[in-house]
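Student: First residue of the sequence shown: 3, per this note's numbering; consecutive thereafter.
Calculated directly from the structure, the hints in this document are not laboratory data.
Yeah, the Cβ is synthetic: ideal placement off N, Cα and C, and Gly gets one too.
Accuracy of the hints is not assured; some may be wrong.
[Unchecked claim] Ranges between beta-carbon positions, derived for each pair:
| id | residue 1 | residue 2 | range |
| --- | --- | --- | --- |
| 1 | D112 | D19 | 17 to 27 angstroms |
| 2 | S147 | V16 | 31 to 41 angstroms |
| 3 | S87 | A62 | 31 to 41 angstroms |
| 4 | R7 | K151 | 23 to 33 angstroms |
| 5 | I153 | E98 | 30 to 40 angstroms |
| 6 | M3 | S147 | 35 to 45 angstroms |
| 7 | E27 | I127 | 14 to 24 angstroms |
| 8 | R104 | D19 | 17 to 27 angstroms |
| 9 | T10 | P41 | 19 to 29 angstroms |
| 10 | D15 | A37 | 11 to 21 angstroms |
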Amino acid sequence: MTIIRALTTADLDVICDHRARMFLEAGRAAPDVQAMAAPFRAWLEPRLSDGRYFGFMAEARGCIVAGVGLMELDWPPHPAHPVESRRGYVLNVFVEPEFRRRKIAKALMDAAESEFRSRGLGYLILHATRQGAPLYESKGWRATSEMSKQIA
């Protein structure tokens, strides 16, 4: 049986591990992921402690098998959310390979959407991997026109 529970500060190491593995599985170069590891941990620790970074873990047989991170983003009103000045952001979705295809990611996303709803957030965003996109699409998510460019 899988249990979904809220993140705690004790989950710091697992979140960092999940994030690195998520990027490696998505095809990012190992040196780039390794370069991100320490700065991400330094960024995450205070946000996890003060609640700016929140989310859920899935546990099975007493072990963490999946997780999702959540944040509230300050964002100007937009045609997609004309009276809201915040967006919910979903990140670091990861399921251990041997626990995939068991609807654990769906349960985490259901918990995430419920949490955002309880916080009064009605517009959510995420960056989907090729592997994750079918799940998000099945839950009503749609691709948008976002682009990016690195300048430094």
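Student: Compare the structure with each hint and give your call.
Tutor: Results of checking the hints against the structure:
no. : hint                              : result
1   : D112 with D19: 17 to 27 angstroms : holds, 24 angstroms
2   : S147 with V16: 31 to 41 angstroms : holds, 34 angstroms
3   : S87 with A62: 31 to 41 angstroms  : holds, 38 angstroms
4   : R7 with K151: 23 to 33 angstroms  : violated, 38 angstroms
5   : I153 with E98: 30 to 40 angstroms : holds, 36 angstroms
6   : M3 with S147: 35 to 45 angstroms  : holds, 41 angstroms
7   : E27 with I127: 14 to 24 angstroms : holds, 21 angstroms
8   : R104 with D19: 17 to 27 angstroms : holds, 20 angstroms
9   : T10 with P41: 19 to 29 angstroms  : holds, 22 angstroms
10  : D15 with A37: 11 to 21 angstroms  : holds, 18 angstroms
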